[in-house]
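Novice: Produce the complete structure using the sequences and hints provided.
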Amino acid sequence: MSESYDLIVIGAGPGGYVSAIRAAQLGKK
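In terms of the UniProt record's numbering, the sequence shown opens at residue 1 and continues consecutively.
Worth flagging that the hints you see were computed from the coordinates, not collected in a lab. One thing to keep in mind: the hints can contain errors.
Unchecked claim - Mimicking SDA-like on lysine to any residue, the simulated pairs with C-alpha atoms at most 25 Å apart in a straight line are:
hint	residue 1	residue 2
1	Lys28	Gly11
2	Lys29	Val9
3	Lys29	Gly13
4	Lys28	Ser4
Specialist: Take a look at the structure:
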């Protein structure tokens with residue numbers, strides 16, 4: 001089973017956290 005993603009967030013600091021939240025708000029996977 002292969003899944004495709006729109007974005008990869010590397011890092012769990014403040015920038016990674018904000019990037020992941022914003023991508024989810026925009027409907028990215």
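Novice: So, for every hint listed, does it hold in this structure?
Specialist: How the hints compare with the structure:
1. Lys28 <-> Gly11: The hint holds at about 17 Å.
2. Lys29 <-> Val9: Since the Cα atoms of lysine 29 and valine 9 sit roughly 11 Å apart, the hinted pair holds (cutoff 25 Å).
3. Lys29 <-> Gly13: holds, 19 Å
4. Lys28 <-> Ser4: Between lysine 28 and serine 4 the Cα gap is close to 11 Å, so the pair holds against 25 Å.
Comparing the model with each earlier hint shows no violations; every hint is respected.
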